[in-house]
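**Student:** Sequence:
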Amino acid sequence: MSFIKTLDDSMKALVFAKFADYFSLTNSTQDIVFAPKTVQLRKIAEKRGTDSVEFLGLWRNGIEFDWSRNNSPVARRGLNLQYTDAGKSEMVIAKAVPVKISYDMWFWTRCLDTMMDATEGYLFWQFSNPNLILNYLDSYPLELDLNFGAVTDESQYDQIYEIGTYFVSRMPIYLDGWIFTAITSKTVLKIILKVYLREGTPPNYTDTLVNTFEIVSEGSS
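In the numbering used here, the protein residues as written are 18 to 238.
For the record, the hints were derived by calculation from the structure and aren't laboratory data. For each residue, glycine too, the CB sits at the ideal point set by N, CA and C. Don't take every hint at face value.
Calculated pairs, DSS-like style, for lysine-lysine (alpha carbon to alpha carbon, straight line, at most 25 Å) [to be verified]:
id, residue 1, residue 2
1, K54, K35
2, K22, K60
3, K112, K54
4, K22, K35
5, K60, K35
Beta-carbon label-pair distances, calculated as ranges [stated by the list, open to error]:
id, residue 1, residue 2, range
6, R59, W84, 22 to 30 Å
7, Y191, T229, 54 to 62 Å
8, G138, P158, 22 to 30 Å
9, N164, N228, 52 to 60 Å
10, L151, Q176, 17 to 25 Å
11, G66, F144, 53 to 61 Å
12, R215, L151, 52 to 60 Å
13, N164, R59, 26 to 34 Å
14, W84, A30, 25 to 33 Å
15, G66, W142, 28 to 36 Å
16, P53, F165, 31 to 39 Å
17, E160, I21, 30 to 38 Å
18, K64, I180, 32 to 40 Å
Start from the sequences and build out the full structure, keeping to the hints where you can.
**Tutor:** Okay, here's the thing in structure tokens:
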């Protein structure tokens, strides 16, 4: 599974945990959909058997390289994860690409006051140092910052006499994320340093070996 898919699933779980109570939602399988807005009503109908309103929607609509974080140690050098063999001749390194991922979240409800309560929750969320916390390979904690934008009313008021009254609001979530991949790199097990004494006049030099040093890594012992 791609790491982007992992981020999508994690964002979906985070959004449900944060906002489900506003709409009295309890089932993360049936009460939130990951799809563009145009098909969210159909998706919720497939989950529930009816296109009933009171649910959450989420969709990833963009991803781009984040040059502002490209000089970080994780992006440049990577993380040393583990050796591949007992002799420690090879190291598995996790390299990371910094990315900005844009998500849109939607609230669907028949109660305008419920919508306003949930919207206030979204607005206050940005004052609580919001982030998505993950553990890469169960060993490396990641705290990915979240940023927000303007709330947009996307309710279809012109169709309330045909489809009934319900309210839809869209609000963006921008994730400062990383995309990981693992590579294998050779390690340096021994460095041999030879010291010479140079005598004579140019160009007639004479080099005499006076000492040899071996610097051995712990992995080769």
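**Student:** I want to verify a distance hint. Is the separation of the beta carbons of G138 and P158 within 22 to 30 Å?
**Tutor:** 26 Å, holds
**Student:** That 31 to 39 Å hint for P53 and F165 (C-beta), does it hold up?
**Tutor:** 20 Å, violated
**Student:** Given the hinted pair K54 and K35, is their alpha-carbon gap at most 25 Å?
**Tutor:** 20 Å, holds
**Student:** For the range 25 to 33 Å, tell me whether the beta carbons of W84 and A30 fit it or not.
**Tutor:** Between W84 and A30, where Cβ atoms are some 29 Å apart, the hint holds.
**Student:** Does the Cβ pair L151, Q176 satisfy 17 to 25 Å?
**Tutor:** 40 Å, violated
**Student:** Going straight from one Cα to the other, do K22 and K60 come out at no more than 25 Å?
**Tutor:** Cα-Cα ~19 Å, so holds.
**Student:** Do the beta carbons of N164 and R59 sit within 26 to 34 Å of each other?
**Tutor:** The hinted range 26 to 34 Å holds for N164 and R59, with Cβ atoms some 30 Å apart.
**Student:** Given the hint that K60 pairs with K35, test it: the Cα-Cα distance must not exceed 25 Å.
**Tutor:** 21 Å, holds
**Student:** Can you let me know if the beta-carbon spacing of N164 and N228 is within 52 to 60 Å?
**Tutor:** Holds, since N164 and N228 (Cβ atoms, about 59 Å apart) stay within the stated range.
**Student:** Looking only at beta-carbon atoms, does the pair Y191, T229 fall within the given range of 54 to 62 Å?
**Tutor:** Given range 54 to 62 Å: holds, Cβ gap about 57 Å.
**Student:** Range hint 30 to 38 Å: satisfied by the CB atoms of E160 and I21?
**Tutor:** 18 Å, violated
**Student:** Against the range 52 to 60 Å, how does the distance between the Cβ atoms of R215 and L151 compare: consistent or not?
**Tutor:** 57 Å, holds
Checked against the numbered hints given earlier, the structure breaks hints 3, 6, 10, 11, 16, 17, 18 and satisfies all the rest.
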